[in-house]
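**Q** Dock chains Z and F against the given chain H, drawing on the hints supplied.
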Amino acid sequence: MTRFNAWNVFKNGFTGQKNWDRQWRDPEPKKEYDIIIIGGGLHGLATAYYLAKNHNKKNIAVLEKGWIGGGNAGRNTTIVRSNYMLPGNHEFYEHSLKLWENLSHDLNYNVMFSQRAHVSLYHSPGAKDGAARRYNIMRLHGTDAELWDLDTLKKNIPHLNYNDARFPIMGAAVQRRAGNARHDSTVWGYARAADSLGVDILQNCEVTGVKRSQNNIESLETSRGNIKAKKVGFAVAGHTSVLWQMAGLGNLPIESHKLQAFVTEAVKPLLDHVVVYGVGGAHFYISQSDKGSMVFGGDLDWYKSYAQRGNLPMVQDTAEAAMAIMPCLGRIRLLRHWAGVMDMSMDGSFFICKTPLSNLYLNAGWNYGGFKASPASGWYFADLIANEQPHKHVQNHNLERFEKGINIDERGAGPDPKLHG
Amino acid sequence: MNGVLVPIQNCTVDMIRIKCPYCGERDHSEFTYGGDASIKYPALDASESEWTKAIFFRENIRGMQKETWHHTNGCRLWLEVERSTITHEIKSVKACHPQIEKITKNKS
Amino acid sequence: MTSVRKEKYGKINRDKVLGFTWDNKEYFGYEGDSLASALLANNIKIVGRSFKYHRPRGVMSCGVEESGALVTIGSGSKSDPNVRATTQELYSGLIAKGQNAFPNVNYDFGGINNYLSRFFAAGFYYKTFMGLPPFEWGKGTGIWMIFEKIIRKAAGMGKASREPDPDNYEHANDFCDVLVVGSGPAGIAAAQEAANKNLDVILIEQDSLLGGNNLSEAEFDVSLLQNQLKSSGIRVMSRTTAFGVYDNTVVGALERVTDHIPNPNSKLPRQRFWTIRAKHIILASGALERHVAFNNNDIPGVMTVNASRHYLNRYGILTGNNIVITTNNDSVYQTALELQEAGSKVTILDSRKNVNLDLPKEIDVYLNTLPFSINGRRKIEGLDVCKVTDKNNKNTIICDQVLISGGWSPIVNLVSHRGIKPIWNQENLCFVPGDIKENITVVGSAKGIWNKNDCIESGLVGAHEAMNTLGIHKKEISFPSVGGWLNPIDTLFEVKSNKFPSKSFVDFQHDVTAEDVRLAHREGFISVEHLKRYTTLGMANDQGKMGNIIGLSLMAEQLDKNIPEVGTTVFRPPYTPVPIGALTGRNVGKHFRPLRVTPMHQWNIDHGAKMIEVGLYQRPWYYPKKNETLSDSYIRETTIVRKTVGICDVTSLGKIAIQGPDATELVNRIYTNPFAKLPIGKARYGIMLRDDGIVMDDGTSWRLGENEYFMTTSTAAAAKVMSWLEELLQTRWTDLKVNVTSVSEQWAGAAIAGPKSRDVLSECVLDSNEISNQNLPFMGVLQTKLKDGTPCRVVRISFSGELAYEMYIESDYAHGMMDVLWESAKKYDGCLYGLEALGALRVEKGHVTAAELDGRVTIDDAGLGKMASTKKSYIGSAMRKRGVLNADDREMLVGFFPINEKETFNAGTIVCEKNNIQGQGIGRITSVTHSPELGHWIGIGYVNGGLDSWKDVTLVGADPVRNKQMEIKVVSPHMIDPEGKRMYA
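Protein chains in written order, with the working numbering: chain H, 1 to 421; chain Z, 1 to 108; chain F, 1 to 985.
Looking at chain H on its own, in the form it has when it is part of the complex:
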């Protein structure tokens, strides 16, 4: 495979760009694989890649019902950060951030991870103390974290609403190593890298049935025929319950909710950081893509839904939140909005765990946070599938944690999935 680098781009400039290969193959499904990952999103592709790379596994397939990256991987607002504080969560997301930092080199694909700083505003002394707790814990883990007072914030981002905000901005909690990335290229980068290690990426291959014995999955019925598998991993966040029930496994601590994302027309550089805030019942996050579009999002649509389309009320709500913090956005025009279906778990934390079936492994429950998590998600899920026991950083991210009383609820919102952002 032709390596991606400036030299080859230059060379191809003289040959009509004719010498680039397919970035990943389009193989026919084999009759049997050692490991099948269902879900050709970022989590599934990353898992396949790390299974091949870290654990030297061969004979792996990723099954995707449509085209890779067509679910939440291509529908998110691309923020990457590790400002988590609960045990396990912090280590997990920080590991993910470290993988992000070298991901372009690792995959030989520019994922455009821009460490432009994640600036989380606070609006009250209490919120500042709450942020301090979280960011202190990050610092005590060796992760970068700082608090900006109002003057520092104004110097860095002068055009926020410091004049007539309903909830005055008092400062910000900042992670400089955080930022945003290019979601599609991350998908393609993982696909290309996994493919080059021999992983079969099977697109338009929808799982329509799961054939199992008492304790095992034996084979998968798909739109491209029956495929046997020694081990199966689910990585289909948004639709986990559907597949879970197809496997006859009953209920999960997950509800599907939809979250909208918004993109404006492209303008010249207007915002150099990722800015987020939450106050007065609003929740808002914004950054500018390298193309120039303002990319932003807000809360869930509040009711359970599998519909991948946006609703007007949350559009208005999110627009209000945008204007509240950046009044210059009033004249910027919204170009598109759409919705993704989120696996909202009962404590806002994810699942990377074994299941009641001995050869089935679960990767699910990513709530809002799946994009930034995807490298570590693939890393630890591959580790689980290869070694058959969870890494200590994800040892509590299982289905039994609720009955055991293990609390990894970063928001403290309780068992109401719509409240976990």
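Calculated directly from the structure, the hints in this document are not laboratory data.
Predicted, not measured: the structure shown is a model, and the values here were computed from it.
The beta-carbon is built from N, C-alpha and C at its ideal position, and this holds for glycine as well.
Do not rely on the hints blindly, as some may be mistaken.
What the hints assert, rightly or not - These stretches of chain F come out as covered by chain Z in the derived footprint (C-beta under 8 Å, 3 or more residues): (1) 165-171; (2) 872-880.
To be verified - Take a look, some chain F residues computed to stay more than 10 Å from chain H by CB distance: (3) 93; (4) 109; (5) 111; (6) 127; (7) 177; (8) 238; (9) 388; (10) 391; (11) 417; (12) 427; (13) 451; (14) 583; (15) 587; (16) 626; (17) 829.
**A** Below, chains Z and F alone, put in the same frame as chain H:
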């Protein structure tokens, strides 16, 4: 956030329209989504595992499901709504409380 | 291209001359002009630059599909980037500028990219910029971020203002029976037919003039149509774009109220955002003419054929002298005729072999002929043409304009918003709307019907379909069939060029070429969504209105499939971009969220309160004397409360009236501690858990009668607790006969705290005897009267640990109550105290609030385990026993003192062992204050294992984000008067 007349989610416009059996058809911004209405909550003294099943595990239906909505900025009734989670189409609405259901049914 | 204004043509008002500025030069146009037509009338050719290669762009259309003439309108805080010149109405004094160019669109240094375009193929940026060139050496993101800075500066289109948007916007709602989108022939027919049957009809038109494609006709009379519509009772909304169709036949629409007015009345909104709830929607949104991809098909002077007809008959502009029209369908011939009549030399290239039409002699028509390549760089100098069968043999036609028609695409966007996939019609080479199950009907050319008469007929039929669904009648209906040209359209999407780099553009704004589509195919990006994302085809402002179908056809060719097998991209709302300001409406600045104030808000301010935001509330923070700081003030207030007496507004607490025979049962089930035996006239502090056994809220309930309770909740959880009680009573415990009512707004409350509080209160009520220790013991409740006779409620309850009371009165009498209390308190040298002092007092006593109850804390963690009854079941009683929730090493509430009494600390500090300052630590400080009574800073918070595990151990408070670290020790959270003697006094 205190008292009754809290602007839920601060939505001014909404798409889903719910026929409240007491107030009539209203935008869903007047309501708050509750959750799965098919959950049978166990007795207060039931076991931890029964409670765990009830409050943490969900059928998460893809299709027509029964769910609760609270008419927060209206009559304050809790309603049982049959709604498709794919198309958002609403098939039926009734008051959750059986007595209230009888009264509102007669009313309409 | 030489475009000129023609006498006697157009629907513009030549009596009204409008001056405007383009790139700092002054020009003139007429009323009725668009900015694009005015620029064309002044023969301005280059009006923009493309996104990537910075190629010159002229006006390419006359409507919303424009992807060439994107300009910046206005200046300063009112500057609007990326405005389509084709839809911007001209007004006197309009200021417009070219964008994405330096120094200007005529001469742009960025044009160098055009010469490097051979390297800048689709997706090239994914293949490089990762590390040091040429082999991407290095690690991390450092080198990428240097490139990124340059790329970001080059990307983007117009420049946005950083000033707050000075305009205001409005939200409005409307309802109707039938909403018709589009005022072309089909839309007008549908609207009139529905209105004739007395239906309430709204007709929406995005243009300033009604008529749709009628406007391209010379003889069309706009004012006649307007009068007809008026008399039929149709509500017409022009300058209004239906940008989205949502659930339940709701349409989002944007009305441009003042965008065409020079100096609008400042009271008018700039734009109005409409939410229209219709019973039935008729979409007559029309169709757009497509381009054809061939080499240099983007040179200024290229335009769609129909656009040129619009410019002639609507704006009176002949867009070229010497025009070549290239087509694969019948729709161009009328235009050709009119252009020729208006004075241009017209040549037609038709790709079809035989065309059965009456062709005028004056026009040269070459059949079986294709456009191959345009000559010229900044303007068209000629067109190389060839026969379909022989692409090697080329002739050059000298011309100054090339008009293109590659067929027509019905505007299926709004139907697509409903998740309905369009269906490919091979006969007419276009997507037509799919099967709709909602109350939405598509008519006219939006349905793929080309003939004007058929369009009108389809409008009538559409109206009858609406009447069927509305139950007006039941009528068999049948729409005119799709299509309607005499000669079939020819498949022509691209004329392949053998040149490299190819300049056959598919997406004009994003510079996506036919070669880019083929490169995407070579690299495996064959699904439509991959193609779109990899090449950015269709991602520009026009959202692929022009280029998508050409892109699809090219991919289909590569895959050797039909277009429908390749698919279509899903159109997402909005149809045309909508300003965020319009979406927001009036809820800007201070109006972002409602402001809640207590009934004594003004009283507090009059008495010197500094306020603080708490949720949606503003509450008194502190009451400074003269030069006092926050710190001076709260320390003084705290001291006075402990010494004499203080008064504090506590109205924001939630208040709930609980009434009914099962009231006691309800209260007993929701609190962890027993309430069954609470006597009438007594209150009790209680803790509520969530279903999962975690603490939800704390508060009090007072038993006012056998079947009546008055419950208070925390400010933060007030709404949640109210909904929670209603949920329990209406869904789970439907057998309980209890009614709950929120009375938060009805009662105003004040705390009276301090050793002299009884004296103060005694003076304020009618019968001072009632207040005695005997009559009103700790936790006693009294329903009594102020000395002026106003009824009030008093409870003896303490949050400060002092002898203390809370008094509640009907909200309307709040000022009176405060006057009476304050008059009395002043006699005892009392003070008013705010939230800061309230916090200080409760921290000294180790009382928990939201800062301690973070949604993960159990009742035992919070040191309140003894309030959890073992004799009854209550909400959360089973789940609080879950596994690790009872572990011995869980965090428990404690107090913190600094080892060095001069040291201060902050909430949010992490508690660590001295030799192990890292990771999660062993605890955290949640609330802090200076304690005047103890003379140093104190805090409360949690440590693993609680006080017993860390007594007398020197620990470290780590607060790296505030550059603080101090030695601390763990103490009991009850730091003052632990036995509680004072409050029982």
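**Q** None of the hints should be skipped; say for each whether it holds.
**A** Taking the hints in turn, this is what the structure says about them:
Restraint check on the region 165-171 of chain F versus chain Z: 1 residues with Cβ-Cβ distances below 8 Å, three needed, restraint violated. Under the rule that three or more residues need a Cβ within less than 8 Å of chain Z, the assignment of the region 872-880 of chain F holds, with 6 such residues. The non-interface label for residue 93 of chain F is consistent with chain H: the shortest C-beta to C-beta separation is roughly 18 Å, beyond 10 Å. Every CB of chain H is more than 10 Å from the CB of residue 109 of chain F (nearest about 15 Å), matching its label as outside the interface.
The Cβ of residue 111 of chain F sits about 18 Å from the closest Cβ of chain H, beyond the 10 Å cut-off, so the non-interface label holds. Not every CB of chain H is more than 10 Å from the CB of residue 127 of chain F (nearest about 4 Å), against its label as outside the interface. With a cut of 10 Å on Cβ distances, residue 177 of chain F stays outside the contact zone with chain H, its closest approach being about 21 Å. Separation of residue 238 of chain F from chain H is adequate, the least Cβ-Cβ distance of about 20 Å exceeding the 10 Å criterion.
With a least CB separation of 25 Å from chain H, residue 388 of chain F remains clear of the 10 Å interface cut-off, as annotated. At roughly 18 Å from the closest C-beta of chain H, the C-beta of residue 391 of chain F stays outside 10 Å, upholding its exclusion from the interface. At the 10 Å boundary, the C-beta of residue 417 of chain F falls inside the reach of chain H, the nearest C-beta of that chain being 7 Å off. Once the 10 Å rule is applied to beta carbons, residue 427 of chain F is consistent with being away from chain H; the minimum gap is 28 Å.
Consistency note on residue 451 of chain F: stated as away from chain H, and its beta-carbon is indeed over 10 Å from all of that chain's, at 34 Å minimum. Listed as a non-interface residue, residue 583 of chain F fails to keep its Cβ farther than 10 Å from every Cβ of chain H; the least gap is roughly 3 Å. The non-interface label for residue 587 of chain F is inconsistent with chain H: the shortest C-beta to C-beta separation is roughly 5 Å, within 10 Å. Against chain H, the non-interface label of residue 626 of chain F holds: every CB pair exceeds 10 Å, the least being about 23 Å.
Taking the minimum C-beta to C-beta distance to chain H, about 29 Å, the non-interface status of residue 829 of chain F holds against the 10 Å cut.
Checked against the numbered hints listed earlier, the structure breaks hints 1, 6, 11, 14 and 15; every other hint is satisfied.
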